[in-house]
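**Q** Starting from the given sequences, assemble the full structure and let the hints guide the process.
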Amino acid sequence: MTNDNNRAQALLSSLAFFVFALLFSYHFAFLRANETFTYPAASPQALAQGIAPTPYQYRILIPALVGLLQHWTGISADPLYRILEFLSTFALFYAFRAFLNLFARDLRIAILFTLPLAYVLPYNFTYTFTYPYDLPAILFTTLGLIALYRKQWVIYYVVFIIATFNRETSYFLTLVYLASAFGIENWKTILRHVGGQAALWLGIKTSLYLLFASNPAQGAGLFEFQLLRNLEQLAQPGILGILARNWGMIWIFVLVWQARIQQPFLRRALLACLAQLFILFLVGVIEELRIYGEPIPILLAAFFGITHSFFRERT
140 MTNDNNRAQA LLSSLAFFVF ALLFSYHFAF LRANETFTYP AASPQALAQG IAPTPYQYRI
200 LIPALVGLLQ HWTGISADPL YRILEFLSTF ALFYAFRAFL NLFARDLRIA ILFTLPLAYV
260 LPYNFTYTFT YPYDLPAILF TTLGLIALYR KQWVIYYVVF IIATFNRETS YFLTLVYLAS
320 AFGIENWKTI LRHVGGQAAL WLGIKTSLYL LFASNPAQGA GLFEFQLLRN LEQLAQPGIL
380 GILARNWGMI WIFVLVWQAR IQQPFLRRAL LACLAQLFIL FLVGVIEELR IYGEPIPILL
440 AAFFGITHSF FRERT
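No gaps in the numbering here: position 167 of the sequence shown is 306 in my numbering, and each next residue is one more.
Be aware that one or more of the hints could be misleading.
Have a look at the derived ranges for each label pair, beta carbon to beta carbon [claimed, not checked]:
no.: 1; residue 1: F449; residue 2: R331; range: 37 to 43 Å
no.: 2; residue 1: L241; residue 2: F159; range: 46 to 52 Å
no.: 3; residue 1: P179; residue 2: F159; range: 34 to 40 Å
no.: 4; residue 1: F417; residue 2: I391; range: 18 to 24 Å
no.: 5; residue 1: L241; residue 2: E363; range: 42 to 48 Å
no.: 6; residue 1: I294; residue 2: W211; range: 24 to 30 Å
no.: 7; residue 1: L161; residue 2: E452; range: 19 to 25 Å
Hints were generated in silico from the structure; no laboratory data involved.
Virtual Cβ for every residue (Gly too), placed ideally from N, Cα, C.
**A** In structure tokens form, the structure reads like this:
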């Protein structure tokens, strides 16, 4: 009877999770449509047509998929983008649950600590510019983290390649690998993987650079350098308040209690998050919280690790 009860509870938890993820993803897709704004030169329609300026046009995966679907179905771009964003968000809930389950072991606990995604995502992806590659970037990062933790290298490299066609911030996975492997794996193995990922990243980005060489360009090469602008922004009233709201302010708890994180992979991955912040200060518009998407699964997993440590002390 106990086993039957456990199976029934697990089934009920999985069903509740499915309904929650489904309804939130539906809500979030419309929230994004109504509570974000579009940069006209790099509108979703321009991206689908391949005429947006670079570096925006280099993030080709979702716009190209929408362009193909438009051609095959005759459906306009806007609903296709919304459907793909809904599917990306829904899949992200399951991907992040699988990532948490690597550390939580109990599926019901993983389900419970996946729910804060619904709290964090609106902080980073509403009341900002909307681009079709932002939510898929978090999904691919989460899938890459799972494969990286499990050392499933074929899956990892497939995800890495897809993620690089989606957005150049796929290099974040390389940072996580480097942080997790340094001092543990053989340096030749580390160089082989880092070199391989760098070669793939540069090869893909060079191909996209050549493909869209005739597009109007903003910034230099694959990025727009924003260092001087960001330094000026730090002096503006309110900017620190905007930055403090990043990741739903969960970063505060992670910063204060990071010593409680017992999972070595997560502790090391947080170093990659710091490196990402430094890089984004050089090439990102720092007040656009949408650019900080890739660290979300690591920060939420670290938040789980901290909370779990407190519960273990009390039991």
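**Q** The structure should be examined with respect to each hint, and the outcome stated for every one.
**A** These are the hints, each one checked on the structure:
1. F449 with R331: 37 to 43 Å: Since the Cβ atoms of F449 and R331 sit about 40 Å apart, the hinted range of 37 to 43 Å holds.
2. L241 with F159: 46 to 52 Å: violated (21 Å)
3. P179 with F159: 34 to 40 Å: holds (35 Å)
4. F417 with I391: 18 to 24 Å: With a Cβ separation near 20 Å, F417 and I391 satisfy 18 to 24 Å, so the hint holds.
5. L241 with E363: 42 to 48 Å: Hint violated: Cβ distance 36 Å, outside 42 to 48 Å.
6. I294 with W211: 24 to 30 Å: With a Cβ separation near 28 Å, I294 and W211 satisfy 24 to 30 Å, so the hint holds.
7. L161 with E452: 19 to 25 Å: violated (36 Å)
Hint check: violations occur at hints 2, 5 and 7; the rest are consistent with the structure.
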